[in-house]
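From first to last, the protein sequence lines stand for chains A and B.
Here the first sequence is numbered in this note's numbering, starting from 1 and rising by one per residue.
Here the second sequence is numbered in this note's numbering, starting from 1001 and rising by one per residue.
Be aware that one or more of the hints could be misleading.
Straight-line C-alpha distance at most 27 angstroms; calculated DSS-like pairs for lysine-lysine [stated by the list, open to error]:
hint	chain 1	residue 1	chain 2	residue 2
1	A	Lys-194	B	Lys-1043
2	A	Lys-43	A	Lys-104
3	B	Lys-1104	B	Lys-1043
4	B	Lys-1104	A	Lys-43
These stretches of chain B come out as covered by chain A in the derived footprint (C-beta under 8 angstroms, 3 or more residues) [claimed, not checked]:
hint	segment
5	1034 to 1046
6	1191 to 1197
Don't read these hints as lab results, they were simulated from the structure.
Note that beta-carbon positions come from the ideal geometry of N, C-alpha and C, so glycine has one too.
2 protein chains.
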Amino acid sequence: MRSAFYISDGTALTSETFGHAILSLFPVQFRHRTLPFIDDSEKAQQVVEEINTAFRDSGERPLIFHTFVDSALKQVIVRSEGVCYDFLDHYVAPVQAELGVAAKPKTNRTHGIHQDYNFRIDAVNYTLANDDGVTTRNYGEADIILIGASRTGKTPTCLYLALQYGIKAANYPLTEEDMADLQLPYDLKMHRHKLFGLTIDPDRLQQIRDARRSNSRYASMEQCQFEIDQIEGLYRREAIPYVNSTHASVEEIAAKIMTTARLERHRY
Amino acid sequence: MRSAFYISDGTALTSETFGHAILSLFPVQFRHRTLPFIDDSEKAQQVVEEINTAFRDSGERPLIFHTFVDSALKQVIVRSEGVCYDFLDHYVAPVQAELGVAAKPKTNRTHGIHQDYNFRIDAVNYTLANDDGVTTRNYGEADIILIGASRTGKTPTCLYLALQYGIKAANYPLTEEDMADLQLPYDLKMHRHKLFGLTIDPDRLQQIRDARRSNSRYASMEQCQFEIDQIEGLYRREAIPYVNSTHASVEEIAAKIMTTARLERHRY
């Protein structure tokens, strides 16, 4: 199998995103390899050997996506047997011309620690302390409160919003006991402008629940269908914005919530 | 202030990463705006109006970083008053030539839902259930077990590893009570090949703890210094790899752990 390498003197997150975005356009399988913190010539030389070995083993030149701040290290990698792509190559000069300001490369400025950093950690702590409806006392501080049936993806979505964007995201489950004649709980009514609903196709919910509690009433198709009907009815009645998580990744759900609820990213 | 826009018919995560990586090279402040899911011509036209308004208000042409799969929508954006950069422009043709395979653009392939998806959600559930040493019963399943003093960043790092890479990351705090004559707890000894330490500069630890429990013994400089000395001594004695989180973001800590511990990304 052909290899793809993502290499940088920083975290290599940018080169990964860059390479994945390009390779995702091609129906080709790759062996992926990420090599962060290649920050001296000895490490760079080891990388070259690894690239050249991959070439010898597969007979195909590896694709190399790299973003080096240190141009001497970049030159070492470029002399390997890989086909090298540096996405800064084509953009720094035109952006520099447009801004009329010289570029000042600095390692790790993209994914390093910033002033926003404590904000993100505080948001993670908030989210953990306000997960799954354990308390509703801190909803005044919330940026958003996700609601929905059990197992619709509330917790991972909240954690993603907190970790990536510093958003204080609480979540509250609408549980089996509430379902007959479902009303918005009193503690939520007070914060209705912060509410955002998740829903999911009943057959997918049934699958997920069955994997946890096989053959239970909780995991039965009737119960899943009933809960989703009740909950979507509530969302519509109360004009709560909502998103269906069935075919969406946590990144997609988060992006939809942020856009619909007009949440500010606390991090750029 | 000049505006930067990140626009896509998908999540816009790729255009954000692309744009941030370039703009981080320049010591210039921007007003940032991310616009995901611009997937019909009406939405694209609204975006053009927003770009043109930003131009009129600031007198400077906004920088537009975009990654559209639908080329008709892209054409609408390109006709705005913004200066447009599409990072696929320069790379699709050469990669296509190298692979000898035609590109097949598809929305959301980069940040969409994949087979690896349940893996990530399972990892988040694992991490939440094995946070902060609440149980050591499931360490057989762990991919990694982070250890360290209280407030060194174990929980956010574990959640990041789980959410981003599907890594089952448990964590165990080395607490005040253990400190005199610190030994590796028995439950950890059994899994010593999975252990990874976090440490932090004592003055930074003191700041973080003081913000939580002001003027406590827990937050005193002596206690912080003592714990870090004991813990780093333990790491060295037991040959446990460790990383200092003081000046590192969760992305950087995670990248260092993955590389040092040779963890496989369960997601690409």
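Hint by hint, here is what the structure shows:
1. A/Lys-194 to B/Lys-1043: 25 angstroms, holds
2. A/Lys-43 to A/Lys-104: Holds, because 24 angstroms separates the two Cα atoms, which is no more than 27 angstroms.
3. B/Lys-1104 to B/Lys-1043: 24 angstroms, holds
4. B/Lys-1104 to A/Lys-43: 36 angstroms, violated
5. 1034 to 1046: It holds: at least three residues are needed, and the segment 1034 to 1046 of chain B offers 4 whose Cβ sits within less than 8 angstroms of chain A.
6. 1191 to 1197: violated (count 0)
When each numbered hint is compared with the structure, violations occur for hints 4 and 6.
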